[in-house]
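Following the hints, position chain B against chain A.
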Amino acid sequence: MNPATEELIPVHQKMEDEVKLHSFRGSPYGCRVEIALKLKGIKYEFIQEDLSNKSQDLLKYNPVYKKVPVFVHNGNPISESLVIIEYIDEVWKGVPILPQDAYTKAQARFWAKFIDEKCIPAVFKVFGSHGDEQDVAEANEQLQFLENELSVKGNKFFGGDNIGLVDICASYIAFWAGAAEEALGIELVTKDKFPKLKEWCDNCINCQVVKDGLPPRERLVAYYKWRFGKA
Amino acid sequence: MADEVKLHGVTGSPYVCRAVIALNLKEIKYEFVAEDLSNKSADLLKYNPVYKKVPVLVHNGNPISESLVIVEYIDEVWKGVPILPQDAYEKAQARFWAKFMDDKCFPAVFKAVSSHGEEQAVGEAHEAFQFLENELKVKGSKYFGGDNINLVDISATFVAFWVGAAEEALGIELLPKDKFPKLTEWSDNYVNCQAVKDSLPPRENIVAFFKKRFGKA
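Going line by line, the protein sequences match chains A and B.
Just so we're aligned, residue 1 is where the first sequence starts under full-length UniProt numbering, counting upward by one.
Just so we're aligned, residue 1 is where the second sequence starts under full-length UniProt numbering, counting upward by one.
Bound-form chain A, shown alone:
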């Protein structure tokens, strides 16, 4: 059974486990954690945060960044989406999110870090500048690394036959970037420039665990029009 596209394999959960996720609907970083939770079949309570009026709990749980997502397991908080996902993968067995092999695991961590530190900021900058030529060139450079990685590996996903840490991390590109592109009339991840990456985007957002957690696209497009739109 391919867990990426078929029914979730239910995972036994201890009766006393209390799992909460502080986030806001539509957050790409929060969605990453939700994908991980759905992959493992973990029941959790979603606590919607108003970022202009953060809850006492959020400020108590994440005093360093005061940001979402914050994952709370039996009262113990964890912040930073990639840290949360690794924790989830360790605590709950079932569908693996990180590779087993130490070297492949290191590669996955490298790419996840690259996506957060280089790729997403570069793509985001393009939207902020409404497609400034230099910003687009910079973003293309970063996206090319992902294109090459998919080309070299020759798999459906960065994680192989099934989605893994890197796919979850790159879901921003698969969905949020696409919505922003539409909102602003900018073309970034096109079939002719990045055929593998474009194909990966389509496969990624069609995974059940990803699809189930995505916000409504038209609402996101409208948000981006408002957020980045010209006066």
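Worth flagging that the hints you see were computed from the coordinates, not collected in a lab.
Computed from the model, here is a short list of chain A residues facing chain B with C-beta under 10 Å:
id: 1; residue: F71
id: 2; residue: E90
id: 3; residue: V91
id: 4; residue: R109
id: 5; residue: W111
Simulated DEER-style distance windows between Cβ atoms:
id: 6; chain 1: B; residue 1: I28; chain 2: A; residue 2: N76; range: 29 to 39 Å
id: 7; chain 1: A; residue 1: Q100; chain 2: B; residue 2: E119; range: 46 to 56 Å
id: 8; chain 1: B; residue 1: E119; chain 2: A; residue 2: L59; range: 22 to 32 Å
id: 9; chain 1: B; residue 1: D3; chain 2: A; residue 2: P216; range: 46 to 56 Å
Remember, it's a predicted structure, so these values are computed and weren't measured experimentally.
C-beta: ideal position from N, C-alpha, C; glycine also.
Here is chain B on its own, set in the frame of chain A:
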């Protein structure tokens, strides 16, 4: 079958030092491949095409980049002295703080150093240090890792050693003892750990580097 372990780096880099400390903690024999950053080796560019930076660890021909990724890899492959905690929650906390060093602490310190101790920049660095101070206070232990150093201590090497060298080089105060007693005490303990001591570059080299790079004309 003998493991072939190489580390591409430069001796003055705090990031390279992290990898060196991890290798020394585990008593791994390795070859240090000194890079000239103004003339990077073909190997380095082949092994790290994304960033073209050091450190790069090469294990039996397989390259790994990014210091924290390298340290975690070393911890997984070689048993012996543990670098990450065993407990999943404590491990997550360790990863959080290691990330904090890179995402918040280092940039703030860099800004404070490169601006020659400009007030606002130092203020931001102090804000970052305060989180570390609180963490040590709450833990009440010698190191972030408890009785022994762990991933967090290793990721904070630049605070323990490079900050002091920068202070001396530029005649600025970044980490005042009265404001950060725990962090200062931790720094002193940390640089005296055998594995760390064995890994640190000569202090005068780092002082000289800071003078050259950021010193006033």
